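Enquirer: Each chain, letter by letter, is given below.
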Amino acid sequence: MNYQLLLPETFLFLWAILIFVVDFFRKEKKYNLAYLALLGLIITIILVVISQKGDLFGGMFHGDSFATFFNLIFLITGFLTILSSVEYTKKLSSYPGEYFGLILLSMVGMMFLASAGELLTLYVSLELTTIPLFVLAAYRKDDFKSSEAGLKYLILGGMSSALLLFGISLIFGLTGTTFLKEIKTVLIVKYLATGEIGPALILSFIFMIAGLGFKLALVPFHMWVPDVYEGAPTPITAFLSVASKAAGIAAFLRIFFRAFLIFQVDWVLLIAVLASLAMIIGNIIALLQTNIKRMLAYSSIAQIGYIMIGVVSASATGVSSVAFYTFVYMFANMGAFITAITFSNSTGSDEIKDYAGLSRRSPALAAMMAVFMLSLVGIPPLAGFMGKYYLFSSAIEQGYIWLVVVAILTSVISLYYYLGVVRQMYFQNSIDENPQAITVSPALRTALIISVIGVLLFGIFPHIFLNLANQAAMVFLY
Amino acid sequence: MNFPILSLMTFIPLLGMVVILFTKEGQDKLVRYLAAFFTFIPLVLSFILLSRYQGSTSQIQFVEKFDWIPSLGITYFMGADGLSVPMLFLTALLGFLSVIYSFGDIKEKVKQYFAFLLLLEVGMMGVFSALDFFLFYIFWEIVLVPMYFLIGIWGHGRKEYSAIKFFLYTLFGSLFMLIGILALYFNVEPHTLNIMVLIEKTPLLTRSFQLLTFAAFFVAFAVKVPIFPFHTWLPDAHVDAPTAVSVILAGILLKMGTYGFLRISYPMFPQGAMYFAIPIAILALINIVYGALVCMAQKDLKKMIAYSSVSHMGYCMLGIAAVTVTGISGCVFQMVSHGLITGALFLLVGVLYERAHTREIGAFGGLWIKLPVYSGLMILFCLGSLGLPGMSGFISEFMVFIGSYPAFKVIVPLAVIGVVITAAYFLRMIQAMFLGTFNTKWEGLSEISAREIFTVVPLAILMIGIGVFPSPLANMIKATVENIVHLAVR
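Chains as they are written, first to last, in the numbering used here: chain A, 1 to 478; chain B, 1 to 490.
The reader is advised that the hints may include incorrect statements.
Below, a list of computed lysine-lysine pairs in the DSS-like style, where the Cα atoms sit at most 25 Å apart [what the hints assert, rightly or not]:
1. Lys353/A - Lys109/B
2. Lys107/B - Lys29/B
3. Lys353/A - Lys165/B
4. Lys109/B - Lys24/B
5. Lys353/A - Lys145/A
6. Lys201/B - Lys24/B
Bear in mind the hints are in silico, worked out from the structure with no lab data behind them. Nothing here was measured: the structure is a model prediction, and the numbers come from that model.
With the hints as extra help, turn the sequences into a complete structure.
Expert: Take a look at the structure:
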């Protein structure tokens, strides 16, 4: 057995424990533990990049290119999240150390999730991912909205896990195994013998889609999103909207593409309908939002709809486009949230109307926000366009033109609210006569620059990551 | 590897934008000269382009081609033929002149303004030289962003409304084009985004596929032209935009639509061209007559000229719909001529608005007495626009009518009514503003400045030049237009 495959995960786990321990023993809260967490993440990124490929524990754990790709997404998101938390945690009344430890623990869960080849491993990893997030969502203890967010997230998260688990138990009952590869074989043998797949399997698809749908915030499982996103500390909201979703997507692809791709006629249409609902409802409700966090929450619901287009394609191009889109979505969405964090650190406001005149106050910040917004709409040559182009091409390749038509019509709707922020920043004058420039701390500046470079660079030179995404998709081909 | 003249013309303004963004805040004068410099180079290059272009062949010239994103079949492929060369020249010319004009009337956020104006030129140059669909689409969309900001920040009136309306309409249209592009990509073996290769292969596709894809592209181009009923963004955007941006909008952006029809729709989908000939001709007729009638009703000078664009672009569409060599040549002539004339008219409206702060036709009267030079120029271009013989507008409209009459024996005579109405509203406007008794309220108006004259004189020279000697332009586009017709009637 090649235990080296587990090196990145083990290392990150130990580093999280290290942060808890250091936090426990340090007397003066002079040093910010964020930098320790960042160091750990950089090392983990290096470990992931140089990691070997192979399977472990008889296929429970896959160290493959798919896992590597998603691990990079989790780690970069985590890196940006922690960078943007440096200032934010200074305002927290208590436990600033645990905050970073919990983020790292959640990421360990995500990394295992992306590598899982067996349903129970997947389930436990999912729990490891979400439980720290429940705590983190409620981290602003003195704030009513934050506590509400934590509680809502806990209850609905628990329920969705139960749904998923119920789906898994049905599968286990039908096939007698929890290994995805074996499930596929057993189901094919059964299907060849009887000629039908039976209602129990369909039922388990529905339960698993519902369970994962809550994690992904697919419509109609999205009700928790706006409140949790608004109430949680903003860096955690950013983390939820990118890393947690990417983890859900990774789990979804692992289960459905590894075990059930052969039965795609039985679930693809359902996903297509859910994807269109997400795009339509997410975008339309986002139009009405006046709070930037709520607006981004609904926009992220719509974005998951776009991502699901690639899942519907149920092809190698589809998986590759999902992976690539998630990657570029990360930069734009993190960038938007980091701008919101920067803005609210300075002004204490999350209202879109308070962004008025930002182009005067802080031209660079406003310009970057405009770039993130335009990338989320999918305006070339930004990365978001490249991602959407790739998603649409995967769907058209498989003949889902109607789905692409829904996607483009809703993209036009989304233009209106994304540009609503730009409109405030550029066309309106701020209410203050002499507004001060927004102060951008070095950590936030670094995070913003990383995001904006990602958005600009991978729109024009997407080549390297397109190839990595293609390799990641190859995992599901056999 | 040849001298990459098209890439230079496209990306030198981008370099200019970056340079301008790195200047210090408040150095408005420097920024203005930089902008002029970085639009002057493409203008010089465009003269080289004109002189080096071989008009005897329809072959693509000045080709630059290399792999860009090989895994998706995307190449960087630039080239120019008789259709794009005049448009590239017009873009370079109007780009430079609008920068010069903006010296005077933009006083706020000068740096951002010129940065956006240069970015706009990048997109327009790119559209007219890209021959890979992906590249074409990118440039097509890049245009929207600076235009949105230019209207929204430096515009007048309901500028925010107009800016977002422009963006929403065009994005709506162009996303249909994106579907069309992807559908083409997957239906042609081997998969390719090369427009020239696709033109060879698409006629082999099924009729229903050709019609559907034609329709998808039609939406994108029709919004840009704009063809009735997609035209409602135009009066808002043109009127509320700052002068130089109106010039670019009317002079270049509208031509992107007709260029798209001639470059893509017609050569690529002969079935669609045939099937939709009558509907498009009818829409063109509506554009011509309805646009002209709406002009009659306008009290605002700028709005009248905006609607006259709707009417004039109708002639272009009529010429295209007929798919004859004369008709399409007329269309290309009209694209150039309308760019020159309407560009100049918007500049002159801007000149007056800057001084009088109103654009109401009825508010003026007898201006000729006070402002002889200004009035002379304005009347010259109005006459050009209404199609007076000896100027470029006459040539193009004449060619359009001659070329399309054999195809549409009922529609063309009806369209001629548009010419009469056009003459009516322009003459009425001239009478109301420049003739009659002088309104003493405007005693303080100053005459057009030397810099402003400088921006319109080149346009006047070209307008009359093409009107008197149309053959240089005709020779340049002849082979290409013949090739388009040849491809579109397969």
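Enquirer: Taking the hints in turn, state whether each one holds.
Expert: Verification of the hints:
1. Note on Lys353/A and Lys109/B: the hinted pairing holds, with a Cα-Cα distance of about 22 Å set against a maximum of 25 Å.
2. Distance restraint check for Lys107/B and Lys29/B: the Cα-Cα separation of roughly 11 Å lies within the 25 Å cut-off, and the hinted pair is therefore satisfied.
3. Restraint check for Lys353/A and Lys165/B: the C-alpha separation of about 20 Å stays at or below 25 Å, so the hint holds.
4. Restraint check: the Cα-Cα separation between Lys109/B and Lys24/B comes to about 12 Å, which is no more than 25 Å; the hinted pair holds.
5. Our distance criterion of 25 Å between C-alpha atoms is met by Lys353/A and Lys145/A, whose separation comes to about 21 Å.
6. For the hint pairing Lys201/B with Lys24/B, the CA-to-CA distance comes to about 52 Å; that exceeds 25 Å, so the pair is violated.
Hint compliance for this structure: hint 6 alone is broken.
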